[in-house]
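Student: The residues making up each chain are set out below.
Protein chains: 2
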Amino acid sequence: MAKFLTDRDENYAQWYNDLVIKADLAENSAVRGCMVIKPYGYAIWEKIQAELDRMFKATGHVNAYFPLFIPKSFFTREAAHVEGFAKECAIVTHYRLKNDEKGKGIVVDPDAKLEEELIIRPTSETIIWNSYKNWIQSYRDLPILINQWANVVRWEMRTRLFLRTAEFLWQEGHTAHATKEEANEETQKMINVYADFAENFMALPVIKGYKTDSERFAGALDTYTIEALMQDGKALQAGTSHFLGQNFARAFDVQFTDKTGKLDYVWATSWGLSTRMIGALIMAHADNHGLVLPPRLAPYKVVIIPIFRSEEQLTQITEKAVKIKNQLETAGISVRYDDRDNNTPGWKFADNELKGVPVRIVIGPRDLENNTIEVVRRDTLTKKTISTDEINCYIIGLLDEIQNNIYQKALKFRNDNTHYVDKWSEFTEILDKKGGFIMAHWDGSPETEEKIKEESKATIRCIPMDTPDEQGRCVFSGKPSTKRVLFARSY
Amino acid sequence: MAKFLTDRDENYAQWYNDLVIKADLAENSAVRGCMVIKPYGYAIWEKIQAELDRMFKATGHVNAYFPLFIPKSFFTREAAHVEGFAKECAIVTHYRLKNDEKGKGIVVDPDAKLEEELIIRPTSETIIWNSYKNWIQSYRDLPILINQWANVVRWEMRTRLFLRTAEFLWQEGHTAHATKEEANEETQKMINVYADFAENFMALPVIKGYKTDSERFAGALDTYTIEALMQDGKALQAGTSHFLGQNFARAFDVQFTDKTGKLDYVWATSWGLSTRMIGALIMAHADNHGLVLPPRLAPYKVVIIPIFRSEEQLTQITEKAVKIKNQLETAGISVRYDDRDNNTPGWKFADNELKGVPVRIVIGPRDLENNTIEVVRRDTLTKKTISTDEINCYIIGLLDEIQNNIYQKALKFRNDNTHYVDKWSEFTEILDKKGGFIMAHWDGSPETEEKIKEESKATIRCIPMDTPDEQGRCVFSGKPSTKRVLFARSY
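Going down the list, the protein sequences come from chains L and A. Residue numbers in the first sequence follow this note's numbering, run continuously in steps of one, and reach 491 at the last position. Residue numbers in the second sequence follow this note's numbering, run continuously in steps of one, and reach 491 at the last position.
The set of hints was computed from the structure by calculation and includes no laboratory data. One should not assume that every hint holds.
A pair counts as met if it fits within one copy or between any two copies, since identical chains are not told apart.
Said to hold, decoys possible - Quick list of in silico lysine-lysine cross-link-like pairs, DSS-like style, CA-CA up to 25 Å:
#	residue 1	residue 2
1	Lys412	Lys320
2	Lys483	Lys348
3	Lys323	Lys102
4	Lys102	Lys113
5	Lys87	Lys104
6	Lys87	Lys102
7	Lys423	Lys57
8	Lys57	Lys47
9	Lys423	Lys102
10	Lys259	Lys348
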């Protein structure tokens, strides 16, 4: 099974694609650029959804649902937004099919042309702020703290499963506030929620920071981001939170009366995280045997595999396995008993490794005699035989250890591959040789940023929030700088 | 607040619309026929989703996600399906906008025309069976038991919030089986799941049955349905489960090798339930004061409202309210403490009645002295003062009682409005005077069915599963019949 994976170090891109397909996460569909998310991949998305949804609600947000369609004219209202978003998108122009008069199947009915074309949402700021206009009159109507789970479409030319697809699933938060301070606070609160989620659930260390002018969300005054390092040395933007100022309120004329009776435009934020995170999960942790899922996001935390020679042995092992399964599930640990009868134990070992199940329990005839089980952890592939009596306690501890170990491993990898660079020659050399994060000084000008991008294909991933000020000179122009910023080639 | 509702008995349609708007469930959007589901409405949908999802998983199903777009040619593959579905739908013809050369905003780029138009899914059988083709080779790959939570679009001309909108949210199950028997069993299993959900969670009695040839899902051999009676005497189809035979397998060439090595087409089912159920919830239970939510689907089961004259009283009451809230939440009962300071208690009573919160707890200064609370149930609007000591026990029992009472009330209403009719004059008279369900004999011919529809605007809602055979004569044609079927005017 695993031998069909391309070697990760030989061809990372092919390894990634093989893994997505062979671990049954997703596949390309008949529609160009759109994927089918298969049950195992979707089960990971459900885990991600459940945790994020809980975190959003714990921070006072509620869910709602806005239309899939956006009237074309809505995009033109916010100038920067239309520049960034309205170009590559799916456009609905007609609303009826009919039987071809020449008998050639069905055709678009030319009489059913829409007066105004509808865009499939690439993001929902415009349609949502058009609704908020009717919801907000006074400061008493604020804040509005809404999140939406939805599908969006961006007509990408080059697509890759999970990382870049025409249609993808995501959540998009859209909040409205009475003051600039409050909106700013919300923007930061949500990037912190994303960072918390990435580190504590995805086991993915991230660098929090804000985007430069040129990398900002179309229509935002500030974009906060969390940036993660993948195993091939490229960065992946894992979630963004935008301070939109009063731009959308102005565009859709959303004003409110403040406590003093003064009329003002409403302040806005938006923030989103998508199925792309499943790509990040794979690229950050998986190996040549397959996925390595952090226990907190694994559809099954434990798989039990029986080894037997006779039907009688299988019956006895099954009895024991079911007992262990029930026992673990009572403690909140999801377990699969893999008793598929058409595969060898070896095949099942490989299959469950491919699928990244954090813990494998193997029960054979000798285990019945000795009252033991064999436990194999996916992250290190090490084995241990333990007594049946201590299962729950051991597995609970082991799952925590695995979750932490995956995180520490990714953190070490990132630390080993973060370079503080002061010379331009070194900058490009590192990128060409091994990639990774580069912390370097930048003179703050868009021109230099653009030239660096042209010459090295690296972009400023973010201006990190937690980095101290430091006098230095721009790695490219030599002009003075007060802070290092984070460069990398990226997905 | 409630006084702004149109009287239910005067204008049912207007009452319904008023209620959806004023209870903050949903509103029309800027896009024709598409609604915005507001947070309170969406919270009910989340409750519906959680329960159904649990029931689907308990019956062995898993979730997945398939593309929003369906290539036009896919529809033509299954002849009956295209007749039923491909007509009124949203059609994507282009994938890019551009700046108008004359400076008039943005326009559709004529160079970005799709080679083949894409239909926004009105239902996903075709795109899913096109995927299943690659997933199924042998009987070992079966069954496939997949559900999808998704948005779909049907370009309806006359729309009504929740009941009929261009875009709506739903779940659609699509299963694949090795035998006809198994597929048939699945079809029935899922209509039973829907009936269980309707009765035990929505407090909505339903009649299970199958559709006549002319009312069947486009492409199905059998369509099972659950039919509920609304308070205006009209029927509402609340969920359907389809036995698709081998139609889609043939259309998409999905064959498998059975246990004997023989090649055969795969057997299919599909089943769906949508946000329309929120409309049913309203129309079945609500009254002139507003919604009456069954506790099991209420976003908040309990609201606590303080009555106070001084800040000091409020502080004391809040302390008690928070304690009660925590206590109830520990028992799994969701509670809202409505301490909004800009509204009178009376306004809050009306607002929470409008929103259908099952139980209202009122705490005033005298309650502090007496160690009591006042409890008002939404379904009957009756009050009772109880001791604080017995709160949890009392509220848990009361919520069960309310859930059951709402069901019994709806059941009594349905029984009172189900008529066994043998004469055609009586048939039309009942429909015109009071509506309701009519159980009558039918000769089994589509011609008679069509004539009955023309003359009475009533359709055969279903041929009930639990009705005994009975010799009789068709209420319209007088020809012999062996079973009564269910007629009604419907949504």
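Student: Look at each hint and say if it fits the structure.
Tutor: Each hint tested on the structure:
no.: 1; hint: Lys412 with Lys320; in the structure: neither (39 Å within a copy, 50 Å between copies)
no.: 2; hint: Lys483 with Lys348; in the structure: neither (52 Å within a copy, 54 Å between copies)
no.: 3; hint: Lys323 with Lys102; in the structure: neither (66 Å within a copy, 74 Å between copies)
no.: 4; hint: Lys102 with Lys113; in the structure: both (21 Å within a copy, 23 Å between copies)
no.: 5; hint: Lys87 with Lys104; in the structure: between (33 Å within a copy, 15 Å between copies)
no.: 6; hint: Lys87 with Lys102; in the structure: between (35 Å within a copy, 17 Å between copies)
no.: 7; hint: Lys423 with Lys57; in the structure: neither (47 Å within a copy, 57 Å between copies)
no.: 8; hint: Lys57 with Lys47; in the structure: both (16 Å within a copy, 15 Å between copies)
no.: 9; hint: Lys423 with Lys102; in the structure: neither (70 Å within a copy, 48 Å between copies)
no.: 10; hint: Lys259 with Lys348; in the structure: between (65 Å within a copy, 22 Å between copies)
Consistency with the previously given hints fails for numbers 1, 2, 3, 7, 9, ordered from lowest to highest.
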